[in-house]
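Those protein sequence lines, which keep their order, are chains A and B. Going letter by letter, the first sequence gives residues 0 to 365 in numbering that gives the first Met the number 0. Going letter by letter, the second sequence gives residues 0 to 365 in numbering that gives the first Met the number 0.
Worth flagging that the hints you see were computed from the coordinates, not collected in a lab. Please note: incorrect hints may appear among the correct ones.
[As the list claims (entries may be wrong)] For the chain B half of the interface with chain A, some residues (derived, Cβ under 10 Å), not all of them:
id, residue
1, 109
2, 236
3, 257
4, 310
[Unchecked claim] Think about it this way: if two alpha-carbon atoms lie no more than 35 Å apart in a straight line, the pair counts; the simulated DSBU-like pairs of lysine-lysine are:
id, chain 1, residue 1, chain 2, residue 2
5, A, 329, B, 224
6, B, 188, A, 201
7, B, 329, A, 201
The C-beta atom is built at its ideal place from N, Cα and C for all residues, glycine as well.
Protein chains: 2
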Amino acid sequence: MSQSRRVPAESLKTLCKEVFRQLAVSEEDARITADVLVTASLRGVDSHGVARLRRYYTDGLQSGMIVAQPNERIVAETAGTALIDAGAGLGMPVSYRAMQMAMAKADATGVGVVTVRNSNHYGIAGYYAMMALEQDMIGISLTNADVNVVPTFANLAMIGTNPIAVAAPAGEERAFVLDMATSVAAVGKSIVARDRGQPIPKGWATDETGALSDDPARVLQNIAKRQPGGMLPLGGLSELLGGHKGYGLGLMVEILSAVLPGAASLDETYPKTADGESLPADLGHFFGAIKVAAFRPLDAFKASVDDVIRRLRQTPRVDGAPRIYIAGEKEHEEAEQRRKTGIPLDAKTEADLKRIAEELDISVDF
Amino acid sequence: MSQSRRVPAESLKTLCKEVFRQLAVSEEDARITADVLVTASLRGVDSHGVARLRRYYTDGLQSGMIVAQPNERIVAETAGTALIDAGAGLGMPVSYRAMQMAMAKADATGVGVVTVRNSNHYGIAGYYAMMALEQDMIGISLTNADVNVVPTFANLAMIGTNPIAVAAPAGEERAFVLDMATSVAAVGKSIVARDRGQPIPKGWATDETGALSDDPARVLQNIAKRQPGGMLPLGGLSELLGGHKGYGLGLMVEILSAVLPGAASLDETYPKTADGESLPADLGHFFGAIKVAAFRPLDAFKASVDDVIRRLRQTPRVDGAPRIYIAGEKEHEEAEQRRKTGIPLDAKTEADLKRIAEELDISVDF
Numbered sequence: 000m001s002q003s004r005r006v007p008a009e010s011l012k013t014l015c016k017e018v019f020r021q022l023a024v025s026e027e028d029a030r031i032t033a034d035v036l037v038t039a040s041l042r043g044v045d046s047h048g049v050a051r052l053r054r055y056y057t058d059g060l061q062s063g064m065i066v067a068q069p070n071e072r073i074v075a076e077t078a079g080t081a082l083i084d085a086g087a088g089l090g091m092p093v094s095y096r097a098m099q100m101a102m103a104k105a106d107a108t109g110v111g112v113v114t115v116r117n118s119n120h121y122g123i124a125g126y127y128a129m130m131a132l133e134q135d136m137i138g139i140s141l142t143n144a145d146v147n148v149v150p151t152f153a154n155l156a157m158i159g160t161n162p163i164a165v166a167a168p169a170g171e172e173r174a175f176v177l178d179m180a181t182s183v184a185a186v187g188k189s190i191v192a193r194d195r196g197q198p199i200p201k202g203w204a205t206d207e208t209g210a211l212s213d214d215p216a217r218v219l220q221n222i223a224k225r226q227p228g229g230m231l232p233l234g235g236l237s238e239l240l241g242g243h244k245g246y247g248l249g250l251m252v253e254i255l256s257a258v259l260p261g262a263a264s265l266d267e268t269y270p271k272t273a274d275g276e277s278l279p280a281d282l283g284h285f286f287g288a289i290k291v292a293a294f295r296p297l298d299a300f301k302a303s304v305d306d307v308i309r310r311l312r313q314t315p316r317v318d319g320a321p322r323i324y325i326a327g328e329k330e331h332e333e334a335e336q337r338r339k340t341g342i343p344l345d346a347k348t349e350a351d352l353k354r355i356a357e358e359l360d361i362s363v364d365f
Numbered sequence: 000m001s002q003s004r005r006v007p008a009e010s011l012k013t014l015c016k017e018v019f020r021q022l023a024v025s026e027e028d029a030r031i032t033a034d035v036l037v038t039a040s041l042r043g044v045d046s047h048g049v050a051r052l053r054r055y056y057t058d059g060l061q062s063g064m065i066v067a068q069p070n071e072r073i074v075a076e077t078a079g080t081a082l083i084d085a086g087a088g089l090g091m092p093v094s095y096r097a098m099q100m101a102m103a104k105a106d107a108t109g110v111g112v113v114t115v116r117n118s119n120h121y122g123i124a125g126y127y128a129m130m131a132l133e134q135d136m137i138g139i140s141l142t143n144a145d146v147n148v149v150p151t152f153a154n155l156a157m158i159g160t161n162p163i164a165v166a167a168p169a170g171e172e173r174a175f176v177l178d179m180a181t182s183v184a185a186v187g188k189s190i191v192a193r194d195r196g197q198p199i200p201k202g203w204a205t206d207e208t209g210a211l212s213d214d215p216a217r218v219l220q221n222i223a224k225r226q227p228g229g230m231l232p233l234g235g236l237s238e239l240l241g242g243h244k245g246y247g248l249g250l251m252v253e254i255l256s257a258v259l260p261g262a263a264s265l266d267e268t269y270p271k272t273a274d275g276e277s278l279p280a281d282l283g284h285f286f287g288a289i290k291v292a293a294f295r296p297l298d299a300f301k302a303s304v305d306d307v308i309r310r311l312r313q314t315p316r317v318d319g320a321p322r323i324y325i326a327g328e329k330e331h332e333e334a335e336q337r338r339k340t341g342i343p344l345d346a347k348t349e350a351d352l353k354r355i356a357e358e359l360d361i362s363v364d365f
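Model the full structure from these sequences, guided by the hints.
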């Protein structure tokens with residue numbers, strides 16, 4: 000990001016929270032939603048951070064597609080599980096509470112699973128998985144999403160980038176935090192490339208002819224118009240290098256996060272009228288918590304995670320590779336850096352945030 | 000398989016069971032182990048089927064590396080979880096019982112997780128995940144394995160092909176059964192290519208220089224000798240096409256299946272003496288069961304899975320693609336076929352099975 004200035008995380012969190020408050024979201028829900036967005040920006044996942052405030056959240060609240068004060072309710076519950084209907088509210092607050100509930104159940108029975116339906120975009124999957132770390136649990140977070148990915152041998156996007164997030168606590172080392180789209184690359188990376196006028200690597204997406212394309216504008220336009228082509232599942236175009244595995248993982252996430260709670264699935268998740276007008280979304284999420292101490296003494300587990308991380312880090316490297324990473328390490332280091340120096344905002348995002356603030360009569364301190 | 004003859008599944012199951020009985024394995028454990036092996040062969044996963052009887056199982060039982068009548072015991076237990084020590088026995092019987100236990104817990108609390116340590120090769124991961132289908136549950140099965148895969152930027156195999164298996168019941172359609180190595184391709188496929196003198200696709204593995212290799216003999220020899228190079232994680236060589244995601248998934252499986260139960264991990268899973276002699280393995284497994292009816296009425300869930308499968312199947316295809324598959328569909332069709340026509344055995348496998356039978360004084364009906 001060349002043309003960017005840096006803004007303290009707290010300033011952005013205050014702004015986001017105020018924006019949601021002005022749009023009739025409760026104090027608690029506004030706080031949670033702002034924290035999820037700013038956490039994404041801190042971790043360098045800008046495609047899921049404050050830059051998406053309007054597109055994914057305030058537009059929906061203002062149009063009524065997202066309910067500011069939803070009737071969130073528990074539909075089914077057992078000792079180890081629950082199903083929550085989010086009442087078409089914001090995805091973040093219900094997800095936060097669902098993960099808390101999964102952890103409470105795990106504390107009592109060793110493992111908890113809570114699923115959510117009738118929800119909206121919940122931000123970064125990793126946020127909820129990482130909540131488990133504070134309670135010395137392993138956290139799991141999955142969601143379905145708008146369709147961007149072409150199943151193997153198909154030529155139309157029919158599945159979301161359906162992320163998998165799993166976090167496990169370490170001792171002296173940083174926690175393991177996997178947070179990955181099940182596509183080759185997240186859609187946000189293609190959006191960034193398009194906005195910068197850059198090509199994307201061949202292998203990320205196909206065009207309307209079914210061939211690999213390096214033109215993000217063309218790929219994204221096709222997806223938006225429900226024309227052939229789209230992002231590729233992890234493993235790529237064919238079965239040769241395992242594209243069917245990425246597709247299979249995406250479908251696994253769809254079943255666990257959307258079919259299990261009874262949310263809409265695949266191309267029905269963000270429905271539209273015949274005229275192309277958006278209707279309310281019905282996304283689903285899956286949250287799991289596993290209590291480490293139900294299996295092993297916590298210290299022994301953490302020492303083993305440390306040991307695994309260190310042995311991996313010390314593995315001989317290919318020529319020119321500076322280091323071997325553990326999932327979550329880059330994002331953790333980015334967050335440490337951004338907490339000190341601020342979150343970089345490109346000119347477009349900064350202007351957009353200030354416009355939202357102005358529209359809602361909120362003062363901005365940056 | 001050109002030079003192969005077909006043998007009824009029941010004949011192979013009887014033979015395998017008799018072999019294990021002769022090696023002092025209990026009636027029940029012999030039955031389970033034979034069923035897992037023959038199920039793999041039926042589903043076309045020959046690399047994990049009867050062809051591996053000697054290499055993975057009878058050699059170990061005869062040398063005492065695998066204990067025929069292990070002291071299998073529950074080390075820790077809560078309402079929703081358990082940890083089992085397999086007593087260095089065969090991987091299949093303890094895994095079968097662990098999955099049964101996970102399902103019993105899920106029946107009571109909605110979700111169950113049982114992990115296993117001090118175990119051996121458990122065959123196909125999907126077998127245990129599929130056990131959940133009979134009880135209308137979603138099944139999960141993970142295991143660590145001998146190191147074959149190079150972490151992203153590393154030049155030495157430090158992680159197994161660590162499979163992920165997840166099965167979910169359908170209604171009129173066939174169940175969803177994902178059963179995938181987290182590497183680009185399973186090691187077994189490289190072994191088959193080597194034995195046939197064929198190259199492997201560039202993108203599956205690296206040689207000792209860190210470059211992509213199409214020579215399976217070279218790659219497999221390097222792995223066996225702990226020389227640089229190895230199989231690549233799903234997504235391939237670099238971060239460009241998501242290799243770090245496959246590596247992250249493999250490490251996730253390592254943490255859940257080996258670190259959580261306290262099994263050995265990474266390159267310590269199959270330890271050797273300084274002279275290169277094998278010591279007993281200490282593998283770990285993870286089994287999860289989720290009771291569908293704890294979330295939604297079962298019929299509604301199954302109808303939704305059917306609907307998802309049908310919509311995917313009807314998606315427009317790329318030119319020349321005959322159909323769109325659902326995970327597990329190919330294996331299911333292969334099993335239907337092989338149940339009728341028998342399991343194809345190549346000459347080497349047939350001779351090896353007959354030699355094992357002869358050594359153990361077992362008569363063979365094929």
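Now for the hints, and whether the structure bears them out:
{"no.": "1", "hint": "109", "result": "3 Å, holds"}
{"no.": "2", "hint": "236", "result": "9 Å, holds"}
{"no.": "3", "hint": "257", "result": "8 Å, holds"}
{"no.": "4", "hint": "310", "result": "6 Å, holds"}
{"no.": "5", "hint": "A:329 - B:224", "result": "32 Å, holds"}
{"no.": "6", "hint": "B:188 - A:201", "result": "26 Å, holds"}
{"no.": "7", "hint": "B:329 - A:201", "result": "29 Å, holds"}
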